[in-house]
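Colleague: Chains as they are written, first to last, in numbering that gives the first Met the number 0: chain A, 0 to 464; chain B, 0 to 446.
Hints in this document: simulated from the structure, not taken from any laboratory. Computed from a predicted structure; not experimentally measured. For every residue, glycine included, the Cβ atom is placed at its ideal position computed from N, Cα and C. Hints are supplied without guarantee of correctness; some may be wrong.
[Said to hold, decoys possible] Between beta-carbon pairs, the in silico distance windows are: (1) 260/B <-> 136/A: 42 to 52 Å; (2) 38/A <-> 412/B: 25 to 35 Å; (3) 361/A <-> 373/B: 13 to 23 Å; (4) 106/B <-> 226/A: 30 to 40 Å; (5) 426/B <-> 439/A: 30 to 40 Å; (6) 138/A <-> 319/B: 47 to 57 Å; (7) 308/B <-> 180/A: 21 to 31 Å; (8) 425/B <-> 38/A: 51 to 61 Å; (9) 304/B <-> 72/A: 34 to 44 Å.
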Amino acid sequence: MIDVDTAHWVLEETLKRGAEHAIVRLQERIYETVVYDTGILRSYTVSRVIGLGVRAVIKGGTGYTYTTSMDRESILKAVDKAIALTKVASQYGKKSFTPTAPVKDRYRVEFKIDPHAVEPKLKVDLVKEVNTSSIKREGIVSAVTRLGLERDRRVIVTSEGTVVEVDVVGVGLAHMAVAKYGAVIERVGDRESYIGGYEHIEKRDWNAFAEEIDKLAIKASQSKTPPPGTYVAVVDNEVVGLLLHEAFGHASEGDGVVAGASILKNRIGEKVASELITIVDAGLVEGGYPVPYDDEGVQKGKTIVVDKGVLKGYLTSRDTSQELNLKPTGNARAQDISFDTLVRQTNYYAEPGEWKVEELFEGVSHGIYLRGRGAMGGQVNPSVGTFTFSIGPSYIIRNGEPVELVRGVVVSGNILETLKEVDAVANDLKITTSVFGGCGKGGQTVRVGDGGPHIRTRKIVVGGG
Amino acid sequence: MIENIVERGIKVATKLGVGEVEVYAIRRIGTDIVGTTRGIERLSSGERIDVGVRVVIGKKVSVQGGMISRAEDLDSIVETAVKIARTLPEDPLWVSLPKGLGKSHVEETLDPKIVEPNTDYFIDVVQLLLKRSSEIDRRAFTSSASVHLSTVERAIGNSYGEIQREDSTEFSVFVSVKATEAGEESGYYEAYVAPTLTRFNPDEIVSKATEVAVKTLGARRVDTGDYELVFIPKVFAGVIQSLIVPAVCADSVQKGRSPLKDKIGRQVLSENLTIVDDGTYPGLMGTRSFDDEGVPTKRKVVFDRGVLNGFLYDTYTALVEGKSSTGNAFRNVPYSTPTPWISNLLVEPGSGDLSDLVKDVKKGVVVYATIGEWLSNPVSGLLNATITNGMYIESGEERFPVKGVVLSGNVYEVLKPVEVRVSGSLERFGRFSLPAIYIPRITLAGK
Chain A
0 MIDVDTAHWV LEETLKRGAE HAIVRLQERI YETVVYDTGI LRSYTVSRVI GLGVRAVIKG
60 GTGYTYTTSM DRESILKAVD KAIALTKVAS QYGKKSFTPT APVKDRYRVE FKIDPHAVEP
120 KLKVDLVKEV NTSSIKREGI VSAVTRLGLE RDRRVIVTSE GTVVEVDVVG VGLAHMAVAK
180 YGAVIERVGD RESYIGGYEH IEKRDWNAFA EEIDKLAIKA SQSKTPPPGT YVAVVDNEVV
240 GLLLHEAFGH ASEGDGVVAG ASILKNRIGE KVASELITIV DAGLVEGGYP VPYDDEGVQK
300 GKTIVVDKGV LKGYLTSRDT SQELNLKPTG NARAQDISFD TLVRQTNYYA EPGEWKVEEL
360 FEGVSHGIYL RGRGAMGGQV NPSVGTFTFS IGPSYIIRNG EPVELVRGVV VSGNILETLK
420 EVDAVANDLK ITTSVFGGCG KGGQTVRVGD GGPHIRTRKI VVGGG
Chain B
0 MIENIVERGI KVATKLGVGE VEVYAIRRIG TDIVGTTRGI ERLSSGERID VGVRVVIGKK
60 VSVQGGMISR AEDLDSIVET AVKIARTLPE DPLWVSLPKG LGKSHVEETL DPKIVEPNTD
120 YFIDVVQLLL KRSSEIDRRA FTSSASVHLS TVERAIGNSY GEIQREDSTE FSVFVSVKAT
180 EAGEESGYYE AYVAPTLTRF NPDEIVSKAT EVAVKTLGAR RVDTGDYELV FIPKVFAGVI
240 QSLIVPAVCA DSVQKGRSPL KDKIGRQVLS ENLTIVDDGT YPGLMGTRSF DDEGVPTKRK
300 VVFDRGVLNG FLYDTYTALV EGKSSTGNAF RNVPYSTPTP WISNLLVEPG SGDLSDLVKD
360 VKKGVVVYAT IGEWLSNPVS GLLNATITNG MYIESGEERF PVKGVVLSGN VYEVLKPVEV
420 RVSGSLERFG RFSLPAIYIP RITLAGK
């Protein structure tokens, strides 16, 4: 059912009914999770998203409908509804879409072992082993271990002749440990994901992975929260990823810019970061989540957002690019067929610099080393310009050395200030993605990748305690 | 008919020889209208059917499901569930699926204006939200406004009980207002989220959003230090949802992830805080006659004048302790394993209104919005949030707007002092009905 022929048939039916332009999306996504909670199998779930979505455009009006019922009658009903909505919409707003040359392509993640074909028992045994070993460690009172396996197939056809098929397979394991020390209980969680098949799960020593998390949780439960205030900070790869995603990524999304909601509006050509900072959004990058084409069928190449500190562009969809007089950058993405697209990041990261990581600590008499392991995520209000994120157990730096572990660290800053304070960028680029979460916006979650090199910033607000 | 799906699933599983089976189906028909500075941007609508199947063989439990695109999909979900269940280890804590499914009496859960929507009316609402802000204040404009309508049909049944069905509606409206003046920028959003249009007043929400967006223009940081704080109801709800709610859910308690473990009967919050969970309270988003396992909802006092009274249970966590479910089973999607969560959360009123709380503040901040409060740590009780819209108060007077300041502290220390007070006026949104709150001391990290 999720094939190009069905998509073409739906496209034809949509055009026959008067649509001037149309995009048809078909999707099937299978997600399998095995969860152990403190020695007990809590769930083993295989779920499936399947269906199709149609976007039609008539006289500048846009309508979108979706259905999960794939019989002929339900599909045609959805098409009729899309046309009806589009006609209503055309009485109000007028939108236009940047034309794109038709593309025909098929992108497929190669894998050796299909994760969904592996015997359930093998998966259960692996998660059980990691989880039960963890709760046996002294100081650990509770642990949740989760295996995640995913396959997402999308077919996109457009009235301009684009036919794109994207098939992504990803696997990963997440572990969260709760440690108790006296009256203090603290949790630390981390996850590691790979794009590819089950062979990646087989290769990794997951007990060692969980043990490191457990030890960090135990140490964190024995540590203090940092004194709140403004710090010089050395920021690791993972926190840099969070920082760029929250502090800059969302504000550079074209829909917010067009709506006047982003603080980066009308700032192209302005200096918005230190000249050491170059930020890109790339569809295909090692360690990231592959987005070769977006959900409008536009190729996602590499977009330079900030070049040596100067704002160069925004992330766009076909309509926002028209409005902003830019090229579409392939950033129109939808969680699944039950949503039309929004402008979203793909793999958003900073290019590496020339410093060695250890050099970033030199000369810092009092500061903080912000660490990503155990980070919970972040949030931004792009119209106010304020962002925040919660990060993992981190270290107070004294006299150039990370010496004292602190827990419960959150940082906050201003989009237009924070990256101007960066005074050193290391050479250790690292990008990661996750099959357990992603980025949330407008009620939709999409998989993203983020990261960058270690950096040092002269000023960041740290709360805690 | 959605009940037919449930019936069919139960039949198929029973034939395959399972010990227990539960089938949960939700059909959702939704319409969205989105507007921005460019006018009405997009209309969308659609229909989805999601089904979850839980089968039990001995003490082996498996939950499977997803969207279904035709009736045969259900059969294959059941077959997969049974196949996987057979290979799983037993859950030694498993007792049974809920027995005695049923319904409580609920009101204000369905609005015919949403079931059969007049699209023109809702387009007019979005247009009003788009233009009204700049009419109220020239420094303001609406960056986005949206309306979402859904009709939801839920049906659930298991090996023990009658199939339960309930239809309800959902209505949410969001407006984001941005304000600019002399190179300064600010923004604020307001929302109406409820099952019906009963208390919906679009003018009121856009006025509120405009007022806060404009008055927080030119916000700055305050010095790092201790302050008094007043949270408006929406901000207070965010704190409760992020820190207190996970801690009163029985699964966190049983697994050692709640700081409230062993605290029943103890004074853990201020005596001015009485907090109730009530799935039968009329007209909130969590108002429904049965929970996500088909167990009737009910009212229970969780904190009585600050004393912890009890936890929230689904069937699994209740039976582990030999208790009954409190009607608090929650599922994100019908095919997830249920866990305990709030139905509706009500905080009992105190006296006066927001301005009465503010006028007694010597040195503090009224907080209209935060970000990142949901990243706080319910396991340790550590509250962290960043203020995006606040007002610095000195001797009861508003002095200047505040943003970019991180507030931190242990929630059980912050909300415990006898000086904590709540307003008599309540606000409702989503699953909450609650007052504004005054907090005598909290640490802010700023300049």
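Colleague: Now look at each hint and say whether the structure bears it out.
Modeller: Quick rundown of the hints versus the structure:
Look at residue 260/B against residue 136/A: about 20 Å separates their beta carbons, and that is not inside 42 to 52 Å. Checked against the hint of 25 to 35 Å, the pair residue 38/A and residue 412/B passes, with Cβ atoms roughly 33 Å apart. Distance hint check: the CB atoms of residue 361/A and residue 373/B are about 37 Å apart, inconsistent with the given range 13 to 23 Å. Hint check: residue 106/B to residue 226/A, Cβ distance near 51 Å, so the stated range 30 to 40 Å is violated.
Remark: the range hint 30 to 40 Å for residue 426/B to residue 439/A is contradicted by a beta-carbon distance near 24 Å. Look at residue 138/A against residue 319/B: about 24 Å separates their beta carbons, and that is not inside 47 to 57 Å. Evaluation of the 21 to 31 Å hint for residue 308/B and residue 180/A yields a pass: the beta carbon distance comes to about 29 Å. The hinted range of 51 to 61 Å is not satisfied by residue 425/B and residue 38/A, whose Cβ atoms lie roughly 43 Å apart.
Range check, residue 304/B to residue 72/A: about 59 Å between beta-carbon atoms, so the 34 to 44 Å window is missed.
Comparing the model with each numbered hint stated earlier shows that hints 1, 3, 4, 5, 6, 8 and 9 do not hold.
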